[in-house]
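Between the sequences and the hints, there should be enough to build the whole structure, so can you do that?
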Amino acid sequence: MTAAFQVLLQVVGRTALERLRAAGHAALFSVGMLAVLPASLRHPSLVLAQVYVFGNRSLTIIAASGLAVGCVLALQMYYALLPFGAVDNLGLVVNLALVRELGPVVSGLLFAGRAGTALTAEIGLMKAGEQLVAMELMAIDPRRRLFAPRMIGGLVAMPLLAILFSAIGIVGAYLVAVPLIGIDATSFWSIMQARVDVLRDIGSGILKAAVFGAICMVVALYQGAESEPTPQGVALATTRTVVVSSLWVLCMDFFLTAVLLSAP
Amino acid sequence: MNAKRIEILVGGFVLSGVLGLAFLAVQAADLGRLRGGDTYALTARFDNIGGLKPRAPVRAAGVTVGRVNAIAFDGGIFQGVVTLDIDENYRFPKDTAAKIMSSGLLGDQFVGLEAGGEEANLADGAVIAQTQSAVVLENLIAQFMAGQADRAAAPANAGAFE
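Just so you know, the sequences run in chain order A and B.
Be aware that the first sequence starts at 295, since it is given in my numbering, and climbs by one per residue.
Be aware that the second sequence starts at 1011, since it is given in my numbering, and climbs by one per residue.
Be aware that one or more of the hints could be misleading.
Below, in silico cross-link-like pairs of lysine to any residue (SDA-like), each with a Cα-Cα straight-line distance of 25 Å or less [unchecked claim]:
(1) Lys1014(B) to Thr480(A)
(2) Lys1104(B) to Ala1071(B)
(3) Lys1014(B) to Ala343(A)
(4) Lys1063(B) to Ser481(A)
(5) Lys1014(B) to Leu353(A)
(6) Lys1063(B) to Arg438(A)
(7) Lys1063(B) to Tyr1100(B)
(8) Lys1109(B) to Asp1057(B)
(9) Lys1063(B) to Ala380(A)
(10) Lys1014(B) to Trp483(A)
(11) Lys1063(B) to Asp478(A)
(12) Lys1063(B) to Ala391(A)
(13) Lys1014(B) to Val1036(B)
(14) Lys1063(B) to Leu1029(B)
(15) Lys1109(B) to Thr480(A)
(16) Lys1014(B) to Arg438(A)
(17) Lys1109(B) to Gly1122(B)
(18) Lys1063(B) to Ser1026(B)
(19) Lys1063(B) to Asp382(A)
(20) Lys1063(B) to Thr1093(B)
(21) Lys1063(B) to Thr480(A)
Hints are computed from structural coordinates only; laboratory data are not their basis.
Predicted, not measured: the structure shown is a model, and the values here were computed from it.
Encoded structure:
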């Protein structure tokens, strides 16, 4: 009996220690990334290339999703507001939902899926092809040369993508609300204009998007750098990137919303 | 893909992001006042401004002619002082009345201007003399209850004389 119990304790202890070590390793990696970020300012062309890779290449999915989410939101909110006779507020509700919440979060999830996986696969394959080791042998720090520009690129691209998501979503909602459902166009825009605050609502959305961009990039880089240098290892790292990024984005969304909403 | 093409594309991406932000800020938020024309200021004092907020519309005959600029409390006369920005093209007579009205039960409150009959118009910075405060639900209920109490007391008094 006691032998089995001992084995159980051993397994639990080993797992806990392993998880703790991994968490610490990831934290050290993140802090190390912060330290090398200023180095990327010396190579703006690298950063620009990464903004293209993460930003421009994600435009299609962000635009399409924004349009779809905006249209659906208009429909759902219309039926939600109808019993209260408050359908004139449809524009306001859709705007706040998009700009404060859905813009940053959905863009973050899509970004993690599209840009994060691409980044993890790229870094993982570089590691598998021993390119990272080769760089270190040439006294080039791969973190400054490779990781930092990608991190800044994602950090710059993400808020822009969230803004575009929200803007296209509002246009989509307008197209559904006014021509399709028949809501008054003037009240759609004017109530929105009266109640939406640029700093509090749009600003908080941009801040959230920047944080989500940083999270996605750090997770993707870490998973890529720590992946096993085999095809299966890279594939596993890619899926882990999506899962971990998405969970982090959703958790941080709650904390950020709580903090931002309680601010005066 | 050469560097120049990448720079152009990224520039286009960043520009579209900035345009999206401008669209959100101007069309969909409260920076729209930058698009407006010239305005002149009028002041009105109310006993109770109710739920009036800055940027609320100012309407005359139902048409929006301006926005509420600022709301302050005057400690000297213990009244709310509301500053209105009215479009330059619209001038109102000196005996115009300002009322705080609601656009529907769940709607926003706005300032309604009812023009008077005087020939001279309100100048920039003038004070609107006649004002009507917002309807406060509690006062209405109190009035209703008092009315009910009176009606209940009246037949009892009449019966006492017989």
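Each hint tested on the structure:
1. As the CA atoms of Lys1014(B) and Thr480(A) are separated by approximately 43 Å, the hinted pair breaks the 25 Å bound.
2. Restraint check for Lys1104(B) and Ala1071(B): the C-alpha separation of about 17 Å stays at or below 25 Å, so the hint holds.
3. Distance restraint check for Lys1014(B) and Ala343(A): the Cα-Cα separation of roughly 10 Å lies within the 25 Å cut-off, and the hinted pair is therefore satisfied.
4. As the CA atoms of Lys1063(B) and Ser481(A) are separated by approximately 17 Å, the hinted pair is consistent with the 25 Å bound.
5. A C-alpha spacing of about 20 Å is found between Lys1014(B) and Leu353(A), which places the hinted pair at or below 25 Å, so the restraint holds.
6. Using a Cα cut-off of 25 Å, the hinted pair Lys1063(B) and Arg438(A) is violated, with the two alpha carbons roughly 51 Å apart.
7. Between Lys1063(B) and Tyr1100(B), the direct Cα distance comes to roughly 22 Å. Compliance with the 25 Å bound is thereby established for this hinted pair.
8. Proposed proximity of Lys1109(B) and Asp1057(B) is supported: the alpha carbons are some 11 Å apart, at most 25 Å.
9. For the proposed pair Lys1063(B) and Ala380(A), the alpha carbon gap of about 19 Å is at most 25 Å, so the pair holds.
10. For the suggested pair Lys1014(B) and Trp483(A), the alpha carbons sit about 40 Å apart, so the restraint of at most 25 Å is broken.
11. Between Lys1063(B) and Asp478(A) the CA atoms are separated by roughly 23 Å; this keeps the pair inside 25 Å, and the hint holds.
12. Pair hint Lys1063(B) plus Ala391(A) holds up; C-alpha atoms about 22 Å apart against a cutoff of 25 Å.
13. With a CA separation close to 32 Å, the supplied pair Lys1014(B) and Val1036(B) exceeds the 25 Å bound.
14. About 29 Å separates the Cα atoms of Lys1063(B) and Leu1029(B), which puts this hinted pair outside 25 Å; it is violated.
15. A hinted pair counts as satisfied when its Cα atoms are at most 25 Å apart, and Lys1109(B) with Thr480(A) qualifies at roughly 23 Å.
16. Between Lys1014(B) and Arg438(A), the direct Cα distance comes to roughly 23 Å. Compliance with the 25 Å bound is thereby established for this hinted pair.
17. With a C-alpha separation of about 5 Å, the suggested pairing of Lys1109(B) with Gly1122(B) holds against the 25 Å cut-off.
18. Taken as a hint, the Lys1063(B) and Ser1026(B) pair is broken in the structure, with Cα atoms around 33 Å apart against an allowance of 25 Å.
19. A threshold of 25 Å between alpha carbons decides the hint, and for Lys1063(B) with Asp382(A) the separation of about 18 Å falls inside it, so the pair holds.
20. The hinted pair formed by Lys1063(B) and Thr1093(B) meets the criterion: a straight-line CA distance of about 11 Å does not exceed 25 Å.
21. A threshold of 25 Å between alpha carbons decides the hint, and for Lys1063(B) with Thr480(A) the separation of about 19 Å falls inside it, so the pair holds.
Violated hints, listed in ascending order, are 1, 6, 10, 13, 14 and 18; each of the other numbered hints is respected by the structure.
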